[in-house]
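Assemble the whole structure, with the sequences as input and the hints as a guide.
So the sequences go chain by chain: A and B. For the first sequence, counting from 1, position 42 maps to 42 in this note's numbering; every step adds exactly one. For the second sequence, counting from 1, position 45 maps to 45 in this note's numbering; every step adds exactly one.
One should not assume that every hint holds.
Unchecked claim - Stretches of chain B that chain A covers, calculated by requiring three or more beta carbons in the stretch to come under 8 Å of a beta carbon on chain A:
{"no.": "1", "stretch": "14–27"}
{"no.": "2", "stretch": "70–84"}
{"no.": "3", "stretch": "101–110"}
What the hints assert, rightly or not - List time: in silico DSSO-like cross-link candidates among lysine-lysine, alpha-carbon distance up to 27 Å:
{"no.": "4", "chain 1": "B", "residue 1": "Lys96", "chain 2": "B", "residue 2": "Lys71"}
{"no.": "5", "chain 1": "B", "residue 1": "Lys11", "chain 2": "B", "residue 2": "Lys57"}
{"no.": "6", "chain 1": "A", "residue 1": "Lys93", "chain 2": "B", "residue 2": "Lys96"}
{"no.": "7", "chain 1": "A", "residue 1": "Lys42", "chain 2": "B", "residue 2": "Lys14"}
{"no.": "8", "chain 1": "B", "residue 1": "Lys57", "chain 2": "B", "residue 2": "Lys96"}
{"no.": "9", "chain 1": "B", "residue 1": "Lys57", "chain 2": "A", "residue 2": "Lys2"}
{"no.": "10", "chain 1": "B", "residue 1": "Lys57", "chain 2": "B", "residue 2": "Lys14"}
{"no.": "11", "chain 1": "A", "residue 1": "Lys2", "chain 2": "A", "residue 2": "Lys93"}
{"no.": "12", "chain 1": "B", "residue 1": "Lys96", "chain 2": "A", "residue 2": "Lys67"}
{"no.": "13", "chain 1": "B", "residue 1": "Lys71", "chain 2": "B", "residue 2": "Lys11"}
{"no.": "14", "chain 1": "B", "residue 1": "Lys57", "chain 2": "B", "residue 2": "Lys71"}
{"no.": "15", "chain 1": "A", "residue 1": "Lys42", "chain 2": "A", "residue 2": "Lys93"}
{"no.": "16", "chain 1": "B", "residue 1": "Lys57", "chain 2": "A", "residue 2": "Lys93"}
{"no.": "17", "chain 1": "A", "residue 1": "Lys67", "chain 2": "A", "residue 2": "Lys93"}
{"no.": "18", "chain 1": "A", "residue 1": "Lys93", "chain 2": "A", "residue 2": "Lys56"}
{"no.": "19", "chain 1": "A", "residue 1": "Lys67", "chain 2": "A", "residue 2": "Lys56"}
{"no.": "20", "chain 1": "A", "residue 1": "Lys56", "chain 2": "B", "residue 2": "Lys96"}
{"no.": "21", "chain 1": "A", "residue 1": "Lys42", "chain 2": "B", "residue 2": "Lys11"}
{"no.": "22", "chain 1": "B", "residue 1": "Lys57", "chain 2": "A", "residue 2": "Lys42"}
{"no.": "23", "chain 1": "A", "residue 1": "Lys2", "chain 2": "A", "residue 2": "Lys42"}
{"no.": "24", "chain 1": "A", "residue 1": "Lys67", "chain 2": "A", "residue 2": "Lys2"}
{"no.": "25", "chain 1": "A", "residue 1": "Lys56", "chain 2": "A", "residue 2": "Lys2"}
{"no.": "26", "chain 1": "B", "residue 1": "Lys96", "chain 2": "A", "residue 2": "Lys42"}
As the list claims (entries may be wrong) - Using C-beta positions, here's what the derived DEER-type ranges look like:
{"no.": "27", "chain 1": "A", "residue 1": "Tyr51", "chain 2": "B", "residue 2": "Glu83", "range": "34 to 44 Å"}
{"no.": "28", "chain 1": "A", "residue 1": "Arg28", "chain 2": "B", "residue 2": "Leu39", "range": "26 to 36 Å"}
{"no.": "29", "chain 1": "A", "residue 1": "Asn22", "chain 2": "B", "residue 2": "Lys14", "range": "23 to 33 Å"}
{"no.": "30", "chain 1": "B", "residue 1": "Ser62", "chain 2": "A", "residue 2": "Tyr71", "range": "30 to 40 Å"}
Keep in mind that the hints were calculated from the coordinates and are not lab data. Built from N, CA and C at the ideal position, the CB exists for glycine as well.
Residues per chain, in single letters:
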Amino acid sequence: QKEVEQNSGPLSVPEGAIASLNCTYSDRGSQSFFWYRQYSGKSPELIMFIYSNGDKEDGRFTAQLNKASQYVSLLIRDSQPSDSATYLCAVSKAFSGSARQLTFGSGTQLTVLP
Amino acid sequence: DTGVSQNPRHKITKRGQNVTFRCDPISEHNRLYWYRQTLGQGPEFLTYFQNEAQLEKSRLLSDRFSAERPKGSFSTLEIQRTEQGDSAMYLCASSKDIDYEQYFGPGTRLTVT
Numbered sequence: 001q002k003e004v005e006q007n008s009g010p011l012s013v014p015e016g017a018i019a020s021l022n023c024t025y026s027d028r029g030s031q032s033f034f035w036y037r038q039y040s041g042k043s044p045e046l047i048m049f050i051y052s053n054g055d056k057e058d059g060r061f062t063a064q065l066n067k068a069s070q071y072v073s074l075l076i077r078d079s080q081p082s083d084s085a086t087y088l089c090a091v092s093k094a095f096s097g098s099a100r101q102l103t104f105g106s107g108t109q110l111t112v113l114p
Numbered sequence: 001d002t003g004v005s006q007n008p009r010h011k012i013t014k015r016g017q018n019v020t021f022r023c024d025p026i027s028e029h030n031r032l033y034w035y036r037q038t039l040g041q042g043p044e045f046l047t048y049f050q051n052e053a054q055l056e057k058s059r060l061l062s063d064r065f066s067a068e069r070p071k072g073s074f075s076t077l078e079i080q081r082t083e084q085g086d087s088a089m090y091l092c093a094s095s096k097d098i099d100y101e102q103y104f105g106p107g108t109r110l111t112v113t
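Next up, the structure:
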């Protein structure tokens, strides 16, 4: 079982719709959760992070965390063609020295159709 | 704040050669991370520095890989005796001491022929 699992997609949504991206993780010691967006050939770009159970909203993006279910999701409202990218879910847990290294899923490829 | 920078952006080398990459973190970020990403996969952690101290190394980091961060500023990642399996994007990220968010540089794409 992978530590962080995401549906690879591709996920296609029409412009203006809500895109829902899901992620599950296996280690209950995970403490911090991140969503990165990665355009083809580019490096990951941080778009959201969440530490506590519940919802966190930032503009068109909402991150949802449920630690009991070991589940984190990202909702993108009013999806735009420019949102077409691979979305990476990442989790971190404290090791000795608090390295906070990130463990990534393989990403979900999102396509927003005009 | 100019962001994380990495050089070179692309490197093509022949199998068996040594290569070195450089990462300049965001100024005042004292934590620096190296990751490796292959096609279709998420980045995989390689190693971590807090200031000049290398505090964590992944099992992925074979003895052909070495990383340094002299003076706690820029970092270098060296791969000796490169193999075709080393072909990947090498990503550097940095974060502030009290914040957990990591910001990535543009990466160095290595191709070993």
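Evaluated hints:
1. 14–27: violated (count 0)
2. 70–84: With 0 residues closer than 8 Å to chain A, the stretch 70–84 of chain B misses the three-residue bar; violated.
3. 101–110: holds (count 7)
4. B:Lys96 with B:Lys71: Holds. B:Lys96 to B:Lys71 sits at ~16 Å (cutoff 27 Å).
5. B:Lys11 with B:Lys57: holds, 24 Å
6. A:Lys93 with B:Lys96: holds, 16 Å
7. A:Lys42 with B:Lys14: holds, 24 Å
8. B:Lys57 with B:Lys96: holds, 19 Å
9. B:Lys57 with A:Lys2: holds, 20 Å
10. B:Lys57 with B:Lys14: Holds, at about 26 Å.
11. A:Lys2 with A:Lys93: Holds, at roughly 16 Å.
12. B:Lys96 with A:Lys67: Cα-Cα ~25 Å, so holds.
13. B:Lys71 with B:Lys11: holds, 26 Å
14. B:Lys57 with B:Lys71: holds, 19 Å
15. A:Lys42 with A:Lys93: holds, 26 Å
16. B:Lys57 with A:Lys93: This hinted pair holds, its Cα atoms lying about 15 Å apart.
17. A:Lys67 with A:Lys93: holds, 13 Å
18. A:Lys93 with A:Lys56: holds, 20 Å
19. A:Lys67 with A:Lys56: holds, 14 Å
20. A:Lys56 with B:Lys96: holds, 22 Å
21. A:Lys42 with B:Lys11: holds, 16 Å
22. B:Lys57 with A:Lys42: holds, 25 Å
23. A:Lys2 with A:Lys42: Between A:Lys2 and A:Lys42 the Cα gap is close to 24 Å, so the pair holds against 27 Å.
24. A:Lys67 with A:Lys2: Status holds; Cα separation ~17 Å.
25. A:Lys56 with A:Lys2: holds, 26 Å
26. B:Lys96 with A:Lys42: holds, 23 Å
27. A:Tyr51 with B:Glu83: 34 to 44 Å: holds, 39 Å
28. A:Arg28 with B:Leu39: 26 to 36 Å: Given about 31 Å between the Cβ atoms, the range holds.
29. A:Asn22 with B:Lys14: 23 to 33 Å: Check failed, 42 Å falls outside 23 to 33 Å.
30. B:Ser62 with A:Tyr71: 30 to 40 Å: holds, 35 Å
Figure legend: structure checked against the earlier numbered hints; hints not met, in rising order: 1, 2 and 29.
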